[in-house]
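Protein chains in written order, with our numbering: chain A, 1 to 640; chain B, 1001 to 1116; chain C, 2001 to 2478.
Just so you know, these hints were derived from the structure itself, not from any lab. Quick caveat: nothing in here was measured; it's all calculated off a predicted structure. Even glycine gets a Cβ: it sits at the ideal position worked out from N, Cα and C. One thing to keep in mind: the hints can contain errors.
[To be verified] Label pairs and their calculated CB-CB ranges:
hint : chain 1 : residue 1 : chain 2 : residue 2 : range
1    : A       : 16        : C       : 2051      : 29 to 39 Å
2    : B       : 1055      : C       : 2148      : 13 to 23 Å
3    : B       : 1109      : A       : 603       : 51 to 61 Å
4    : A       : 50        : C       : 2051      : 39 to 49 Å
5    : C       : 2171      : B       : 1002      : 29 to 39 Å
6    : C       : 2171      : B       : 1111      : 29 to 39 Å
7    : B       : 1058      : C       : 2032      : 28 to 38 Å
8    : C       : 2148      : B       : 1037      : 36 to 46 Å
9    : C       : 2352      : B       : 1057      : 31 to 41 Å
10   : A       : 16        : C       : 2099      : 44 to 54 Å
11   : C       : 2050      : B       : 1109      : 48 to 58 Å
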Amino acid sequence: MEGYTFTLLIPLILFATFLLIGLAGGKLKPIISGITGVVSLSVVSIISYITAYDYFFVNGKVDGVFGKIIVYDAEWLRFTDSLFIKMGILLDPISVMMLVVISTVSLMVHIYSLGYMHNEGGFSRYYSFLSLFTFAMMGLVISTNIFQTYIFWELVGVSSYLLIGFYYNRPSAVAAAKKAFIVTRFADLGFLIGILLLSSLTGTFDFVELTNVNGSAITAGSSVLFMGLSSMTWALILVFIGCAGKSAMFPLHIWLPDAMEGPTPVSALIHAATMVVAGVYLVARLFPLYALSAPVALEMIAYVGAFTSMFAAIIACTQTDIKRVLAFSTISQIGIMMVGLGVSGYAAETGLGFTASMFHLFTHAMFKALLFLGAGAVIHAVHTNEISGMGGLRKYLPVTHITFLVACLAISGIPPFSGFFSKDEILVAVKEKDSFLFYFESIVSGLSAFYMFRLYFGIFWNRNTTYEHTPHEAGMSMKIPLIILAILAAVTGFIPFSEFVTSDGIPFISHIHWDIAIPATIVGLIGITAAFIFYKKESDLSDKAAASLGGFYNTVHKKFYIDEIYIFVTKKIIFNMVSTPVAWFDRNVVDGTMNGIASVTNFVSEKIKRFQSGQLQQYAFVMVTGMIIIIALIFYFLKN
Amino acid sequence: MSTESLIVFFIAGVVMVGGGIIVSELVAPTSKNAVKDETYECGIPTKGESWVQFKVGYYLFAILFLIFDVETIFMVPWAVVMGELGLVAFIEILIFLIIVSLGLLYAWQKGALKWD
Amino acid sequence: MIQIKDLLEVLPLLIIAFSAIFILLLEVSIKKSETVIFGFSLIAILAAIATSFNYFNKEMIIFNQFLRISNASLTFSVIILISMLITVIASKSYIEKENVNFGEYYSMLLFALMGMMLMIFANDILIIFIGLELMSVCFYVLAGFLRLRQKSNESALKYFLLGAFMTGFILYGIALIYGITGTTNLTLIFSDAKVLTNYVFIIGTALLIIGFMFKIGVFPFHMWIPDVYDGAPTVVSGMLSTAGKIAAVGTILPIILAVNILNFKIIFSVAAVATMLYGNVIALAQTNIKRLLAYSSIASAGYIFVGVASMNEFALRGIAYYLIAYTFMQLGAFIIVAMLEKKDDGSRDYKNVDLDFYKGLGKRNPVIATFMTFFLFSLAGIPPFAGFWGKYYLFFAAIKSNQIWLAVVAILLSLIGVYYYLKIIVYMWFSESLEPVSEEKFSFSDTGFAATVLAVIGTILFGVDPNLFFSLFKFVTP
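With the rest of the complex left out, here is chain A:
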């Protein structure tokens, strides 16, 4: 505890930057806001790296266990002696890992945006929102108790709303921001109820107490059954609903594709690497509870994750907008992370799923951010998002090409890139638990490789489109993050993650299971080959295949009509059958009552204001009368 007090600087610096840029940015030259953001994030990144180094390599391991370290825990609000809300900083393997991930990706995005957002209006506003978001995300991962998590959870949602709707002059952007906020807010209702239920069952908000395997929280709520599940299970399922909303699990995934309306670096930061993994992070944070007290909930998480991953992967194969493909890819990958958590046990090797999921979170952040930033470079060059407007760009954008290729190889699980290692570990964990899920997820891996390389070939190979003005390679500020992330996507696979991040803090050695890795790689290569056949050269093979699938293809292209179903349900059913009568009731009965009370009060007021006559004699008379009545009452009460 002594050594880590400097971690308080992380949220403080970020919040101060937000205020500084937000308040003063309008008055200064835009580039100053950008530089301020980059500088402060560099400082924060350095602090994160120092913390990580210190925690993982020097001090963190106490008696062979990476323990939870509470750096601060200050009481903020005290309602009664037993109910109080604290704010603090908690360091443990996953939070330190997240510190590194968030600060690195955010720093890359800050540098990248210097070039990408160069001539955009609202440059300072953009950077202040980026700082706000990073602050909120940092606050979320270092929370010591679930209430603090909730506060920062909402703050993250707000920053996401602000950033998605950054181009507020575009109706589609505004609508997308609203949709994101409303869907996640709706999920947060479940989250809040879950928090309340959880805290009332266990009597605490604090993570250390909640996840203490020897403590009382683990067994709380297991006795009372409701519809066959213990109340603890219900609480955790409700909390998971909040996670599902934030992490875009089916059926709450609808906001993420639309969120691509925001600037591309924002998509890289928020919707690929950090915010959307908040749900996964929270499940990981509460993992002992899930694993030991509510295994049913974990199973549910696994299946939801699996379904989502397949669902999104299929849709991604048919999308034509670069960012939409990447969005569905993100949904799919997060589904895989959820599966990893869902099949995991607790303690030592049975906790492989946990480690694998966190590892995949880590590597995914790198290569997905890289993919988005690369897509941004492409969009910046050709001014369109559609694949149909691209092709043959490898000649014009060499750096973007190579880095994009690295990312695609990583996500497809081709050795020696990072995705290979992380996906392999998840598949191993899944195989041990459930064979059906293993084959299911393998198919998803194959599809991932297929649609990613469909994208890759479509952009950089395929046909030699002639462009109006020659696409130019991105500027230095955009290239550097691409290169750095590509290097990270290549090498991070070699980190022996299980020696750092495990379900119970005790490191173990894991090794590559070649009997699973080789088939997985082959599946990936099959996917790449299929994409090669269909898309490398310009041909109508893909259109013929699509036509042969006919109606099914159309359904998938329209994302299985999920959005339309939602709109139908809300507009036709909820609005007409539920909202309209309720609104009538509200306007006439409720408002009528309130207005009635108000007019009665007003009437009374007008009538009795004359009681204050201004005449001294009357005042004295009232006072003496009051005195006599009070004394008489005292006598009366004394007699009894």
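Got chain A; can you put chains B and C on it based on the hints?
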């Protein structure tokens, strides 16, 4: 004193005074005329309003007199016990006197003591 | 025996007392001394606040059993000092504006302050009386300070007559108490439990409490408040409504605690409800902002009395918290009204105190309108301002004392209050201005502005971190 003698005393007082007034009301001759009800001003006809504005100086002097009179009264019990209490009591009354005379100084400088 | 060293224990009191006298001397010896006096009184109050913090956690009875220093009384005394500080800062521009810039004003304020502190630290009924009279007489003078304005004279006269009337009852109560117990010392009086069964003693205590209910402004002894607050100079009204109330509450609280076993609870609850009802309902019909704030202060007295009616440890916390929140918000609101008044032009009434004047204030002077909005939100009990926590602790105390009906009624009645506070906010921001909008939107020369900033800081600070108050004042039950 016993209750009975008090009551007797009270009744005697009422009877003597009240009786005198009542008897003179009944027995004395009356004659009313307008001149008898006029205000007395040394026998001459009254002139002018009787409600006149007083000089505020009277009020100021009266208030100041009241304050210093009460100060004197406070000093009387002090004088009685001063012997036993010694130096401390002397210093305390000195402080009291100084504070009150500061008030006098204030009134003096503000012109409350000027008659015109 | 009075020890000389006892003098050191009452340093705040001494500082204020000597400053008050010294100011009078300054007034007569130096020409054009008003600014010097202003600065001097400011320093005196700040010194008193600073030295007060030295005495926390020392419980002692000094000066021949006449004074008692305890955490509770120190807390109340510091709150009053803060209230006076803000008043003094705001007064400077106000009395210059109204052409009554006399040094005696500050002296009166400090004498009143001394009276209030004497009342709070008193351990003897006679000392309470001395403090009460000192405070009241100074208040009468301050209320009538604008000698040439008819409204001010009217308010002073009414206050004086009614105040003197009630003082008579207080004296009678003191006499009865003395007659039964044979002593005027509070600790001795309440040390003997069987005295509480004596009818005469109870009547005497009741009269004493009733006298202080007059000062706090509880139904049915609140009739003087609208006229007096309306007519007095606005900054003085602010001070009366905060410091005066706090002094009365702080004095009577130990006495009410001591007679707690009696059935005064029901009477206090009914009085509280009647007060809140009266204050909140009649405020709805007001068109003069000073009168509106006066009625709101009556309602606040009602909330405090909800705490008095509950009288458990939560109630004491609640009362203290509400009082400090109330100081900042009510005083702030009054000072803003004072800043917006027009310069004195010899007229009978105060100008610019109609609610219509506040229409469109958001456009004319957004900074002041924002501050006023903060104060009004705090008065309405909306977080994150201090008023929310004050009301929360008070109503919570009512619930804890098994008087849930009281808490429910109080919440409903304070809801009515929200209306007229929000009405002003709506007028300020959403109505068309009836006054011309000038270019000069920000005038910072008014010291009232500095006072308002202090009040805003207090409102927000104690609203965001309620624990600050309890750790600052180490407020424990007295």
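Hint check:
At roughly 37 Å, the beta carbons of residue 16 of chain A and residue 2051 of chain C sit within the given window of 29 to 39 Å. Evaluation of the 13 to 23 Å hint for residue 1055 of chain B and residue 2148 of chain C yields a pass: the beta carbon distance comes to about 21 Å. Distance hint check for residue 1109 of chain B and residue 603 of chain A: the Cβ-Cβ separation is about 58 Å, which falls inside the suggested range of 51 to 61 Å. In this structure the hint that residue 50 of chain A and residue 2051 of chain C lie 39 to 49 Å apart at CB holds, the actual value being about 46 Å.
Our hint of 29 to 39 Å for residue 2171 of chain C and residue 1002 of chain B holds, since their Cβ atoms are close to 32 Å apart. Taking 29 to 39 Å as the suggested C-beta distance range, the pair residue 2171 of chain C and residue 1111 of chain B conforms, at roughly 35 Å. Hint check: residue 1058 of chain B to residue 2032 of chain C, Cβ distance near 32 Å, so the stated range 28 to 38 Å holds. Checked against the given bound of 36 to 46 Å, the beta carbons of residue 2148 of chain C and residue 1037 of chain B, roughly 42 Å apart, stay inside it.
Range check, residue 2352 of chain C to residue 1057 of chain B: about 39 Å between beta-carbon atoms, so the 31 to 41 Å window is met. Roughly 48 Å separates the CB atoms of residue 16 of chain A and residue 2099 of chain C, a value that falls within the hinted 44 to 54 Å. As the Cβ distance of residue 2050 of chain C to residue 1109 of chain B is approximately 32 Å, the hint placing it in 48 to 58 Å is violated.
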